[in-house]
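One line per chain: the protein sequences are V and E, in this order.
When we follow UniProt numbering, the leftmost residue of the first sequence carries the number 1, and every step to the right adds one.
When we follow UniProt numbering, the leftmost residue of the second sequence carries the number 1, and every step to the right adds one.
Mixed in with the good hints there might be a few duds.
Since the list can't tell identical chains apart, any single copy or any two copies may satisfy a pair.
The list that follows gives simulated cross-link-like pairs (lysine-lysine, BS3-like), each with its CA atoms no further than 27 Å apart [unchecked claim]:
1. K804 to K667
2. K736 to K801
3. K4 to K715
4. K801 to K669
5. K331 to K736
6. K752 to K200
7. K711 to K611
8. K669 to K804
9. K408 to K4
10. K438 to K667
11. K653 to K667
12. K735 to K801
13. K68 to K591
14. K360 to K235
15. K199 to K173
16. K715 to K607
17. K752 to K893
18. K235 to K736
By construction, these hints were calculated from the structure, which means they are not laboratory data.
Just so it is clear, the structure is predicted and the values come from calculations on it, not from any experiment.
Number of protein chains: 2
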Amino acid sequence: MSEKFVYKFGAGSAEGKADMKLLLGGKGANLAEMSNLGIPVPAGFTISTEVCTRYYESGGKYDDDVVKQVEEGVKHIEKIMGAKFGDPENPLLVSVRSGAPASMPGMMDTVLNLGLNDETVQGIIKQSDNERFGWDSYRRFVQMYGDVVMGLKPESKEEEDPFEVIIDAMKEKRGVKLDTELTADDLKELVEQFKAEIKKRTGKDFPTDPWEQLWGAISAVFGSWNNPRAITYRKLNNIPADWGTAVNVQAMVFGNMGDDCATGVAFTRDPATGKRIFYGEYLVNAQGEDVVAGIRTPQPLNENTKSDPSHKTLQEVMPKAYAELEQIYKKLEAHYKDMQDIEFTIQKGRLWMLQTRNGKRTAEAAVRIAVEMVEEGLIDKETAVMRVEPEQLDQLLHPTFDPEADKKIIARGLPASPGAATGRIVFHADDAEEWAAKGEDVILVRIETSPEDIGGMNVAKGILTARGGMTSHAAVVARGMGTCCVAGCGALDINYKDKTMTVDGKAYKEGDWISLDGSKGEVIEGKVPTIDPKLSGNFGTLMGWADEFRKLNVRTNADTPHDSEVARNFGAEGIGLCRTEHMFFEGDRIKAVREMILADDEAGRRKALEKLLPYQRDDFYGIFKAMHDLPVTVRTLDPPLHEFLPHDETSQKEMADEMGISVEQVKAKVEALSEFNPMLGHRGCRLGITYPEITEMQARAIMEAACQLTKEGVKVYPEIMIPLVGTKAELADQKKVVVEIAEKVQEETGVKVEYLVGTMIEIPRAALTANEIAEEAQFFSFGTNDLTQMTFGYSRDDAGKFLKEYEDKGILPDDPFQTLDQSGVGQLVEMGVKKGRQTKPDLKVGICGEHGGDPRSVGFCHRVGMNYVSCSPYRVPIARLAAAQEAIREKNKE
Amino acid sequence: MSEKFVYKFGAGSAEGKADMKLLLGGKGANLAEMSNLGIPVPAGFTISTEVCTRYYESGGKYDDDVVKQVEEGVKHIEKIMGAKFGDPENPLLVSVRSGAPASMPGMMDTVLNLGLNDETVQGIIKQSDNERFGWDSYRRFVQMYGDVVMGLKPESKEEEDPFEVIIDAMKEKRGVKLDTELTADDLKELVEQFKAEIKKRTGKDFPTDPWEQLWGAISAVFGSWNNPRAITYRKLNNIPADWGTAVNVQAMVFGNMGDDCATGVAFTRDPATGKRIFYGEYLVNAQGEDVVAGIRTPQPLNENTKSDPSHKTLQEVMPKAYAELEQIYKKLEAHYKDMQDIEFTIQKGRLWMLQTRNGKRTAEAAVRIAVEMVEEGLIDKETAVMRVEPEQLDQLLHPTFDPEADKKIIARGLPASPGAATGRIVFHADDAEEWAAKGEDVILVRIETSPEDIGGMNVAKGILTARGGMTSHAAVVARGMGTCCVAGCGALDINYKDKTMTVDGKAYKEGDWISLDGSKGEVIEGKVPTIDPKLSGNFGTLMGWADEFRKLNVRTNADTPHDSEVARNFGAEGIGLCRTEHMFFEGDRIKAVREMILADDEAGRRKALEKLLPYQRDDFYGIFKAMHDLPVTVRTLDPPLHEFLPHDETSQKEMADEMGISVEQVKAKVEALSEFNPMLGHRGCRLGITYPEITEMQARAIMEAACQLTKEGVKVYPEIMIPLVGTKAELADQKKVVVEIAEKVQEETGVKVEYLVGTMIEIPRAALTANEIAEEAQFFSFGTNDLTQMTFGYSRDDAGKFLKEYEDKGILPDDPFQTLDQSGVGQLVEMGVKKGRQTKPDLKVGICGEHGGDPRSVGFCHRVGMNYVSCSPYRVPIARLAAAQEAIREKNKE
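Chain V on its own, in the form it takes in the complex (with noise of 0.2 Å):
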């Protein structure tokens, strides 16, 4: 028996199912799905992604089996629709499209009418009464054929589609403004003009035989998985490169043969707001393409969605079609059990489904969509929690406009991805990423989005469109990131030679600052201040049902009792980190510790150390209150000492004027602590062992504070924490001055207060001798910051020079420093919780490095055993809700 690699569909029956999409791609899989439910899809085929694997694994080439199944898919088709492939008379013509694991929207091509042939035009035209219709469509087939499959697409946006030149010039000598206004036989001159210029370009005739144009653009569509879009598409959404996509290859339907058709897009619910209602857009008269390629401004579907009086809606014009529209989209949401982003044509007053699939939402859409639905009946809290994408959250979770706040709204648009955004304008893709790379915030300002401005989509903070609707790829492409879009905002006349934006006569160029709201489509000239979240009851709900689930604790790293407050709000179930050489900058402080510095000798840093003393205790005292009830781990100072001095000469003249001393006694200082690489150098427990007097100092103050606080009735749990140990001698040593301190405290005060000392794992060396370590230690955590940098040999602050680069050329999956390196510096982390525990079974572990809010590093976190991940306040959301849905899958996969 022969293996299997295309799978048929269509009239009430499938060889596919939803479940199959790694070998069927998401749109073939629910094509067949759709099939299965009855629901009226055209009949078609979808070659397997494993074919995609074998084209590029054998050089281009297909196998007997499979040409034999296409042709019998060909077959089934024309079976099915009563036509005929390359029949003069009666002929079948057919889409062909890409279709992946997972949606990579607009990223891979795309070839429609195929079959179309000088003898078989005749055929349509017939079939249609339509010569227009017949010539049109066969111009379409060839330009895109022509682009996509032979390649005379031009490769940079900046050039023209020679297609385009040759319908502009034909246009210009029929004097008419639109490709609409263009007659049957200009259409028919086009046609071979096209010819032309494929024989021109490609020294190939334009195939004639529609199994040619078949096969070629089966090749097209497998060639275009690795195209540079699609490519850094991957990258993006972390899709494996290896997965491939399928190709669905299946019987046209026309929205465009008349005014007795159409064709739209729809959602099942609102992707932006998560509300219950049918949302969608469609165009009559339109092929499919031109909705989302946003080119005409579509009109809403229904009367509940109707905004602008003068606007059509489908309902009113074709309320047949609509209400089997309607019956079909509740049909698909029981069946799929979540909200479905679904395409239709509608062929002389005949509905067809041609795509289906579970909708991209913003993250206040998820969040509600998933706690209805579990009110609704629809699904239970363990798919509600892991409907929602951690990351997503982030969006919910910062700061919108101040409502208060003046604005000068100089422009509506679609409010096409929530969020608030300020920045300033560039028109192009490339600039923004250049302007991003020097630290600037930019807003993205463009006619109309194509994939292959993703790269500086995805730096912009902001993303603003003068044409295209709710469903264009601006609108979906941010969305799915997460950034604030206005979309379709037609008020805004664009140059791009200029660079320069007019509204209303007034001129905005490259550079200035705009701000945009992407809830409500506002245009606002200007920065616009903002405020924090309010957190929807939909919020609460999702994040209890999540701790229902979750094993790890959540931390925060917090250092004031501000962001304390905060994190606790956000859930934070104690602080994992708080560094105490932020407090060293504040106020007088900054001179105290300057002092201690410069003094010649121990005696010198006590006095100086003492100045310091009362600050440090009240930073303490603060912060523990907030954090009462719950530990809170304090790390001991880590920097190195120079950079509490100043290193420019202004700086420098005023430290000395302020101390008394000379700017030379200053520069000598500063000399004295300079080092090659200070990453590596004279910080962390180095300064604790070589100056023991500060480690005394900062465990007084945590001691003093936490007895004060005791004292008053207020539970504390303070963890000391000592960073940067590579051997267990140092944190002995460490340990040693933190016990004595603390008892001799406790003492003092007549308050017992149970604290806890431990350690940073840090250092590469730390976590391979952990056993040894964990004798001294009363828990760990893991810094993968230092240890990410250690581990790899990159410094945070110099990498940056090549690390775009690695990316670029695959060499790094993800930034390190952002995801943490499972196979590399994971192995460190493993080893260390495993090590550490074979000394002491219940040594408490947690991660406090920037990886501690990262979803895929949490998962990681629960895998590994640890007790709890520590991360900033605003990440907290992010990490209870990662950490609930790997419990999750940890417990479905038992």
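Once you have looked at the hints, place chain E on chain V.
Leaving out everything else, chain E in the frame of chain V:
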């Protein structure tokens, strides 16, 4: 049955023996062994090292068993020696001496003449028929006991011993100059004054009960195990602190009862040259301490070793005792099968042996003795190979003074430790340490050295003393350290206060340059040029034997044809690390390198690289030729590019002028390339990945040189090594670049070359993912310098600021940059080897960090199964010997 803590010996039998050193210490074990051999040894007993451990654990207390066994031990001595402890008529006097498992000469305390008090002194006077001797013994005992047990010895050398102050006062009062001119009455009065001084200073009476004296002395010896100079010595010599010392209590014999008495030390072969002559020194009418302390200049033992006709040899003076001594030394050497260092005393014409141990020796002597003992049939080759400390060979491999050079010899002393040294005069050990820390070469000049000077002696390039013989403290310690030493140079007039040394009326002050020839005993004014060493035939013989046992290959790190040749002569079996960047600095090359760095684009870089290509090709041609028939590992460019640019204003201006650009352009480039942590920055393969054209040029230079030599009939085996790889993808990227060029060059030249492409393992992540990296690597070479930096998080350039303190505080047992940290970094090395071989069982693995020449690290490399170590040319023989010893150890373990 009670545990055994005390081991008795004497009168031809003993409870211990030679192989019980860990329990009895070296001295105790050998006293027992001598006793068993029937050699005349004063009766005594050894309190084991276990008691030392218990002494510290219990806070200075003794078990009842220990007390009982010591009492039995004293009875045993009484019985054999026919005297009684504390008996006023016939008193037994004992010595109480330390004796650790490893020799620690002069580091711990000793008490002699113990058992004397106002009554027993009368017995001694009666027995010796010498009143002066009796009181002198008593005076010495009170002084020694007061110093050592009662703590009157000043801690600092600057303070005078209070007893010496009293003696000086007495001498002044009596109007005499020498101790020996004091009468019995004077000495008797001194005893009283000493006791009064003790009472005054400590508030305690001098103990008159011999038992109280004995326990006090035993505790003082145990206590001295942890005095600061003993701790320093143990650190320098890698002696574990938990070994402890034994205590030897032994009947006193006196070399100072009159002119028929003597005391001496001897070596069974010359410890400086290894020549087979009986070699030693003695003093008539003296105690042993007088010889070692170097206060009187001793006389040679026999006619063979007499250099000055005015000297009187023992052979002449006491022929009978000398003849017996000759029998004994031969017996001892034949028994121990190693060169012995012996101490003896002649009391009233009767010879007593006080100690035998394996003698310390220079590297030259160690090699000669080992080889000659094999020739004599005394030991086998394996034993000979194990006899020489690999590290010691360093002494043989370093330059000596050029015999052609003009030398102004200002004085001659004893050739106490061979070698040649040039440095600046310092007069105090502390100054030596201070100056050396600043990078100065110093010669430590002392009247005599003492154990307190150990730190300064360790850092000095050479040691010069005015007093003391070949077995003086200075001579013994210097030979052990391999430091050149001229001792007993009586022409020097040293003034510590003025910090001057006057010779023949000419004063040399602190900081002046002098040179020492330790092999000839010459003191030379100023600096003297040196020449390379010539290695003896014995050296070649021993290394040949080592190679018979050795399994590890030994390569060298060399960047020039000259270094390659030197290393080849030392036995290098290839180059393990050829750094290409050093070549970039020479002559005109740096200009081309800078042109490349300043280029704005790839084309500009390629133009500059074209200029570098012929230089690099010539370099490799020379190196490959010098290493014909052996593999040469070439590392591609490693340092960050900014290292090739000037960093000071003047040089920047020079560079700008030379290149015809503005100084601002130079500065801008320097600024652009500057990094916060260059160690972790844009270097190694990261350069090759962002600028593949650099790797291409280097690969071409290597392959063109290799092909050219192959054409000329020279066999070359280039191994191209990619540095700083942390991921498989990095190596894959660079390997592709190298292989493409290599194949192209072979095609161009029509020559086939066997070449490999491999990688450094120097990033922790590379070791962790070695199984993946091995998929691309044809060999691994561990770069343990960087691996140590990253695994510890230490910057080698900066760590000096705290590493010293770390060693002092015992936080690090060794400098991890000198000796591989086996428990931390070693785990990564072992993991890297194992994982690499999981993927490729035959993977060739080596090491090219500094550790490749460190004997302990070489042992580790053998154990983890490496194929080779690579080290600097002068360390090649050391590595060969260390590798052989590890192979022998492994064989003997099986």
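Status of each hint after checking the structure:
1. Taking the shortest alpha-carbon separations for K804 and K667, only the inter-copy value of 25 Å comes in at or below 27 Å, while the best intra-copy value is 36 Å.
2. In the homo-oligomer, the alpha carbons of K736 and K801 lie at most 27 Å apart only across protomers (22 Å), although the nearest pairing inside one protomer, at 42 Å, exceeds that limit.
3. Within a single copy, K4 and K715 get their C-alpha atoms no closer than 67 Å, and across copies no closer than 56 Å, so neither meets the 27 Å cut-off.
4. In this homomeric assembly, K801 and K669 come within 27 Å of each other (Cα to Cα) only across copies, at 14 Å, whereas the closest approach inside a single copy is 31 Å.
5. In this homomeric assembly, K331 and K736 never come within 27 Å of each other (Cα to Cα): the closest approach is 69 Å inside a single copy and 55 Å across copies.
6. Proximity of K752 to K200 under the C-alpha cut-off of 27 Å is found in neither arrangement, the shortest distances being 90 Å within a copy and 46 Å between copies.
7. For the identical chains of this complex, K711 and K611 are intra-copy neighbours only, at 24 Å inside a copy versus 77 Å across copies, given an alpha-carbon limit of 27 Å.
8. Taking the shortest alpha-carbon separations for K669 and K804, only the inter-copy value of 20 Å comes in at or below 27 Å, while the best intra-copy value is 37 Å.
9. Taking the shortest Cα distances, K408 and K4 never come within 27 Å of each other, neither inside one copy (62 Å) nor across copies (97 Å).
10. In this assembly of identical chains, the alpha carbons of K438 and K667 lie at most 27 Å apart only when taken from different copies (20 Å versus 31 Å within one copy).
11. Both within a single protomer and between protomers do K653 and K667 lie at most 27 Å apart by alpha-carbon distance, with minima of 9 Å and 25 Å respectively.
12. For the homomeric pair K735 and K801, the shortest alpha-carbon distance between copies (22 Å) is at most 27 Å, but the shortest distance inside one copy (39 Å) is not.
13. Within a single copy, K68 and K591 get their C-alpha atoms no closer than 83 Å, and across copies no closer than 65 Å, so neither meets the 27 Å cut-off.
14. In this assembly of identical chains, K360 and K235 lie within 27 Å of each other by CA distance solely inside one copy; the values are 18 Å within and 67 Å between copies.
15. Taking the closest pair of Cα atoms, K199 and K173 come within 27 Å of each other only inside a single copy of the chain (23 Å); across copies the shortest separation is 127 Å, beyond that limit.
16. Neither within a single protomer nor between protomers do K715 and K607 lie at most 27 Å apart by alpha-carbon distance, with minima of 32 Å and 71 Å respectively.
17. In this homomeric assembly, K752 and K893 never come within 27 Å of each other (Cα to Cα): the closest approach is 45 Å inside a single copy and 55 Å across copies.
18. Taking identical chains as interchangeable, the C-alpha atoms of K235 and K736 lie at most 27 Å apart only when they sit on different chains, with a minimum of 23 Å there against 49 Å within one chain.
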